[in-house]
Amino acid sequence: MSSIDLTWVIGGPQGGGVETAANIFAGACAGYGLKVFGKREFYSNIKGEHSYFGVRVSDKIVRSNVSGITMLVGFDAETLFRHADAVFDDGAIVYESDLSDIKIDEVHTLDAQFKERLKKYLLSKNKPLTIQGSLDAAKERGVTLYPVSFKEILGNLSDETKNPKLRGMFRMQNVLAVSISIGLLGLPPETLLKSVGSVFSRKAEIAEMNKTAANYAYNFSTVKYSKFKYQLYPIPKEEHTMLAQGFQSTSLGKIACGCRFQSYYPITPASDESVFLESNEIFEVENNRPGSTLVVQTEDEISAIGMIIGASLTGARSSTSTSGPGFSLMAEALGWAGINEVPIVVTLYQRSGPSTGLPTRHGQDDLQFAIHAGHGDFPRIVYASGDTEEGFYDTAKCFNFADIYQIPVIHMMDKFIASTVSTVKRFDPTKITIERGKLLEKIEEPGYKRFTPSPDGISPRSRLGLENGIFWNTGDESDESGHISEDPENRIYKMDKREHKMELALDQIPKEDQAINYGISDFCILSWGSTKGPILDAIEMLNKAGYKVGFIQIKMLHPFPTKYVQSLLSGVKKIIDIEANQSGQMGSLLNEYLDRKVDYYILKYTGRPMTCNELFDSIKKIIDNKSEKKQVLTYGV
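To convert, note that position 577 of the sequence shown is 566 in the numbering used here; the numbers rise steadily by one, no gaps.
One thing to keep in mind: the hints can contain errors.
[What the hints assert, rightly or not] Calculated cross-link-like contacts (lysine-lysine; reagent style DSS-like; alpha-carbon spacing at most 30 angstroms):
| # | residue 1 | residue 2 |
| --- | --- | --- |
| 1 | Lys500 | Lys438 |
| 2 | Lys414 | Lys427 |
| 3 | Lys92 | Lys104 |
| 4 | Lys192 | Lys49 |
| 5 | Lys563 | Lys618 |
| 6 | Lys114 | Lys151 |
| 7 | Lys500 | Lys486 |
| 8 | Lys116 | Lys183 |
| 9 | Lys226 | Lys420 |
| 10 | Lys414 | Lys183 |
| 11 | Lys552 | Lys563 |
| 12 | Lys213 | Lys92 |
| 13 | Lys49 | Lys533 |
| 14 | Lys183 | Lys154 |
| 15 | Lys431 | Lys486 |
| 16 | Lys586 | Lys562 |
| 17 | Lys192 | Lys218 |
| 18 | Lys151 | Lys192 |
| 19 | Lys486 | Lys563 |
| 20 | Lys586 | Lys618 |
| 21 | Lys609 | Lys563 |
| 22 | Lys438 | Lys427 |
| 23 | Lys213 | Lys200 |
| 24 | Lys609 | Lys533 |
| 25 | Lys49 | Lys140 |
Note that these hints are calculated values from the structure, not bench results.
With the hints as constraints, model all of the structure from the sequences given.
Quick look at the structure:
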C-alpha cells in the first residue's frame, strides 16, 4: 500500500455546521488509526460569513497544514470561489450543484479586493465570472468535480424513511457532505457512523437521524461515483493516542495540577478554555474523592485578574484565560500581583493585533507585550507552549513556577493551537508534579512578616485566615510586614529581593524546560510557540531533500535563558528566526541578550497559520543562498 497524506477542506457559512463536519471526519479517520491534524478558520464578523476547516490525514505523524487541498467540499458559493484555485491539479471538489450559476458579484460577503483578483484570474482563463467558471478553471487543470444536490438527497431520504422532517433539514448537509467524502475516499463506514453518534451523543434522536443520513449519503457516493484517486484505508491503531484541541490541553492541565479557581471574560479564542472548564467543573480525584474548579465569568478583564489575585491570597491555585485586548486591561493588576509577590497564572491565547486586529485569526503578536506589560520593574515568567501536548504539561509547570517563585506567570498559547484538533499521545497526569513552594500550612507564633528576608529571596507565604498569619498588601511599596514604606534602603531591598527571583529561576529550572534542542547545524532555526509543528515537518522534508538544518525551540522567553542558548549557538553560522508576527519579536530578544543579530527572518502576519511547504521553500532558499534577509509568507485565503 502507498503512504497516505491528503488534506480535506470543508467550507460554509458560520453557524452552518462546518466544525461539526470536520470533527466527524477527523473522528472517522482517527477511528481507523490514521493521524489527523485539523485547523479551523473563520471570518471576524463572528456569524454569517465564511468558515472553513482543513483536516490533514496521514498514516504518519503530522504536525502542520500544507499549502493546497486534496479534496474540497463546499455547500456555499463563497467556499467554492475562495478555495477552488487552491485544490491540487489531481484533487477533487465536492459541491452543491445548485450553486453553479451564482455570479461573483452576487456573493456580498466576498471583499472587494478578493473579487477583483478572482475576476482577473477567471477572465485570464476565458471563464465566466460564476461558480461554474471557477469549477471549469479547476477542471481544466485536472481537478475532478463531484456535483451533488443535497436538496435532492434529503428529499429521497425523507421518502425512503417516511420522515417528512428530513426534507427541510438543510443544516444536515454538513453530515451528508462529510459522508459522501468518506465514501469517495474509500474508508469503511463503521467509524463514520460511530463518529456521528459521538458528536451528537447528547441528543439520542438527533444522533440516530444523522446516522441514518450519513449511512444513506455514504452509500449514495459509492454507487453514483467511482472512487477518487486518493484513498484512505485503516491502519493499526497506535495505543495511548487520542484527538484533542489546544484549549482542551490547558483546561485538562489546570484540572490535573490543582487549579481550583478560574475567572474569565469572553474573548476569542480564549473563551473555549473556560467554557470547557465550566463543562467539567465537577470531577473525581484520588480515592473516589470529588473535586471541582470554580469558574466565574466576570464583567470585564479587570475583574477577572482581580478575582484570581484574591483567590490566590486564600491559597488556591488560580488562573485566568484571555487574549491580547483583554490582557491589555489586566496590566495594572498584573503589577499589583508583582509587587505583592502573588502567584497567578494568565493563559494568553494570542491573536492578530493591534487593537481588535483580526480577532478570529492567528498571530504571535504579544510576546514583547507579555514581557513588558505593566508599569515599573517587577519579575514575571513568560513561557510558551509549542503544541497541544505541550500545553497540558506546560500548564502544570507554569503553576509550579508561580508558586515556587511567588510571581505572575504568563503562559503563551495562540489561536493556531487553540483551534487545532490533532492526534496526540494520551495525556498522563502521573507525569505532573504539584509544587506549592513556601506556602505555609500553619504558623506557631504571632509576629509573622510576609516579606521577611530569606537566603534565596523567597519569603514563606501565609494565606488569608491562617492563624498567626496576618499580613498586609498594598499597591504601594511596603516593608517586611506589608505596611507602606518609602524608605530608600527598604526600596532597594524590596526591588532587589523581587528581581533576584529571575536569577533563581534561570538557575533552578531545568535547561530542557528553558529551550529544546532538536539538533544543531550551520544553519539553525530559532523559534517559539506554535511554529514548532510546521518547522519540524519542514525539517523532515528538507532532510529528505538532502538539506541539514538545526532547530532550537525557546520555551522560557522571560527571563531569557541567555547562557544556555549561547552555548547551543556557539558553532552556528547562520540563525533563521521564524515567527508569526511582523517585527520578529523573539529575534530582538536574541539581539538584546546575546548581542547577536538574526541572519534571516521568515515571518507571517496575515492571520493565517504557517504551512510546512512554505517553510520548506523559504528555508531551502536560504541554504541555497537565494534569499533576501526577510521573507514574508502569504499562503491562505
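Inset, instruction - Kindly indicate which numbered hints from before are broken by the structure, ordering the numbers from low to high. - result: 1, 2, 4, 6, 8, 17, 19, 25
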